[in-house]
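**Student:** Same order as they appear, the protein sequences are chains F and P.
No gaps in the numbering here: position 185 of the first sequence is 184 in numbering that gives the first Met the number 0, and each next residue is one more.
No gaps in the numbering here: position 200 of the second sequence is 199 in numbering that gives the first Met the number 0, and each next residue is one more.
The set of hints was computed from the structure by calculation and includes no laboratory data.
Reference listing, derived: stretches of chain F covered by chain P, where coverage requires no fewer than 3 residues with Cβ under 8 Å from a Cβ of chain P:
1. 167–181
2. 198–206
3. 282–288
On a predicted model such as this, the values are computed, not experimentally measured, just so you know.
Ideal Cβ placement from N, Cα and C applies to all residues, glycine included.
There are 2 protein chains.
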Amino acid sequence: MASNLDIVDDADGFPYEDPTSQGLYLFRVAGLSTTLGYIIPSVLYILRDCPGWSVDEEQRTVVLESGQTIEERSAAIRKTILAMCEKECFSILKGWRDETFPVFGPGHEIVLHIERCACPLFGVVTYGVHVIAYVPAPADDGAMKIWVSRRARSKQTFGGMLDSTAAGGVASGETPLSTILHECNEEASLPSDLVRRNAKAAGAITHFYVRDRRSGGEVGLLQPECQYVYELPVPSGLVCKPNDNEVEAFQLLTVSDIVEALARREFKPNSALVMLDFMIRHGVVTSENEKDYLEIITRLHRRLDFPLR
Amino acid sequence: MASNLDIVDDADGFPYEDPTSQGLYLFRVAGLSTTLGYIIPSVLYILRDCPGWSVDEEQRTVVLESGQTIEERSAAIRKTILAMCEKECFSILKGWRDETFPVFGPGHEIVLHIERCACPLFGVVTYGVHVIAYVPAPADDGAMKIWVSRRARSKQTFGGMLDSTAAGGVASGETPLSTILHECNEEASLPSDLVRRNAKAAGAITHFYVRDRRSGGEVGLLQPECQYVYELPVPSGLVCKPNDNEVEAFQLLTVSDIVEALARREFKPNSALVMLDFMIRHGVVTSENEKDYLEIITRLHRRLDFPLR
Numbered sequence: 000m001a002s003n004l005d006i007v008d009d010a011d012g013f014p015y016e017d018p019t020s021q022g023l024y025l026f027r028v029a030g031l032s033t034t035l036g037y038i039i040p041s042v043l044y045i046l047r048d049c050p051g052w053s054v055d056e057e058q059r060t061v062v063l064e065s066g067q068t069i070e071e072r073s074a075a076i077r078k079t080i081l082a083m084c085e086k087e088c089f090s091i092l093k094g095w096r097d098e099t100f101p102v103f104g105p106g107h108e109i110v111l112h113i114e115r116c117a118c119p120l121f122g123v124v125t126y127g128v129h130v131i132a133y134v135p136a137p138a139d140d141g142a143m144k145i146w147v148s149r150r151a152r153s154k155q156t157f158g159g160m161l162d163s164t165a166a167g168g169v170a171s172g173e174t175p176l177s178t179i180l181h182e183c184n185e186e187a188s189l190p191s192d193l194v195r196r197n198a199k200a201a202g203a204i205t206h207f208y209v210r211d212r213r214s215g216g217e218v219g220l221l222q223p224e225c226q227y228v229y230e231l232p233v234p235s236g237l238v239c240k241p242n243d244n245e246v247e248a249f250q251l252l253t254v255s256d257i258v259e260a261l262a263r264r265e266f267k268p269n270s271a272l273v274m275l276d277f278m279i280r281h282g283v284v285t286s287e288n289e290k291d292y293l294e295i296i297t298r299l300h301r302r303l304d305f306p307l308r
Numbered sequence: 000m001a002s003n004l005d006i007v008d009d010a011d012g013f014p015y016e017d018p019t020s021q022g023l024y025l026f027r028v029a030g031l032s033t034t035l036g037y038i039i040p041s042v043l044y045i046l047r048d049c050p051g052w053s054v055d056e057e058q059r060t061v062v063l064e065s066g067q068t069i070e071e072r073s074a075a076i077r078k079t080i081l082a083m084c085e086k087e088c089f090s091i092l093k094g095w096r097d098e099t100f101p102v103f104g105p106g107h108e109i110v111l112h113i114e115r116c117a118c119p120l121f122g123v124v125t126y127g128v129h130v131i132a133y134v135p136a137p138a139d140d141g142a143m144k145i146w147v148s149r150r151a152r153s154k155q156t157f158g159g160m161l162d163s164t165a166a167g168g169v170a171s172g173e174t175p176l177s178t179i180l181h182e183c184n185e186e187a188s189l190p191s192d193l194v195r196r197n198a199k200a201a202g203a204i205t206h207f208y209v210r211d212r213r214s215g216g217e218v219g220l221l222q223p224e225c226q227y228v229y230e231l232p233v234p235s236g237l238v239c240k241p242n243d244n245e246v247e248a249f250q251l252l253t254v255s256d257i258v259e260a261l262a263r264r265e266f267k268p269n270s271a272l273v274m275l276d277f278m279i280r281h282g283v284v285t286s287e288n289e290k291d292y293l294e295i296i297t298r299l300h301r302r303l304d305f306p307l308r
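Same shape as in the complex, but just chain F (with noise of 0.2 Å):
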């Protein structure tokens, strides 16, 4: 059985050291002297050849030099992605969705937008939302219930897998708030007015997930994450049902249910998080309990070196 640590280990991975002593390339874009993401040597590797970039293998930096504003940058990465696709360079890229995320820089401004599966190539941080929805405990002392989803077994990425009420990637264009009333409807069936009227935001998780065989595509590529959380009281006669193909089935699982599934590995490595830090906030993982209480609340809301959101 896993620990909680092994948990946060399973979706934090990445070392807390200095990521040029580490091998990785620093990945910034022409003009601007702040990091947006690590680049491991693979990536590098083909980048390298690619027109408008540039590498200082002193500085240990790799520059997208095409390009001075927002749709300039994207345009440009656009099309090194493209041709990366075409040459079939990197097996993550055939989840091409025609999506892009957004990449920040300082002040919180945008600096360019990048296909959603090409970000853990240029390792940037990118941006989701997870929903607890949960029946509160009833007046005569019974227990809390979670509303948690099973994936799809099609799905590209951890398949089969236990998940959140409803989760997804806050894409360019869109905030956590829009993100969560679309994928809760899309997700698990529940009417945005529901949404709407009683999510309340309850923090963020952050955590610097490596990329490994679970995942899909290369193993090793990089991926700081930042999970904006919301908890949905729900009424009990409620049901979550799929209304998508993304999720298989609900099941409503007590406090206790979720705390085994977690230590069998059943859910998808960062709603594993979301689900430890809802513990620790609804105070079931306690510091009497948990050895490690500390240091798993200060890893599930680690300090990314980049500029966020």
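Here the structure of chain F is known, so what remains is to put chain P in place on it, guided by the hints.
**Tutor:** Using the frame of chain F, we list chain P on its own:
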């Protein structure tokens, strides 16, 4: 008016940089390679002449050489601190309470105990608890209210400032839970059975405070801190009352009263972080209304580069 990020800076002013490049020394004990705290040059200057200590300028370490057990190390450091008191080296030692705090090493093992008021001389992590008692929003859609204390003006630190409902340090021999039980009783007259039944652990915040004028004693001493946070829903009829001379009075405030008091910097710095964390957990401060939302969340759970409890 202070922004939420200003409030974080007030209690988390230590730079995210290598401590030795900041001119600091690493506090260690003989036989253990782990750094337990950071020592500033004015303290080093005194320790250099104290028996039982060695300084390595190249490694920038200050090592307590005396003692091989918890008891021996604790006695050795107590002797050093008493000698400092006698010579009146540091005004912070006027706060002597004859109460110790444990310092943890790898594997959550206690390495030694240090007199409470002397901890900032060695820059070791200290642990506190904060309880936020609140009257939940009534079903007819009223607002939640929170019991906030005002510190006695006579207190040696942060006299007259606003504070959580009850708070205190986790002294040697105590646990977070045992500490909240007695602090809730001593500071707010809350009966232990109510606290034991209803208090819910809700996580912890971690931050790195650089002592300033308001904290009394020498400016610039270092205080990495963990605050275990508990929430305590209380019935609307219950009244918090001071039970010792540490608290001047209690007020039952709305969330917006508290947001305003935070912006006026009326809260004690670390209690302000606890309140801010509460506001984030309860969906008052959100990504929609706080541009530095993610930065604030990671700062409130800052990684401290020492072994933790």
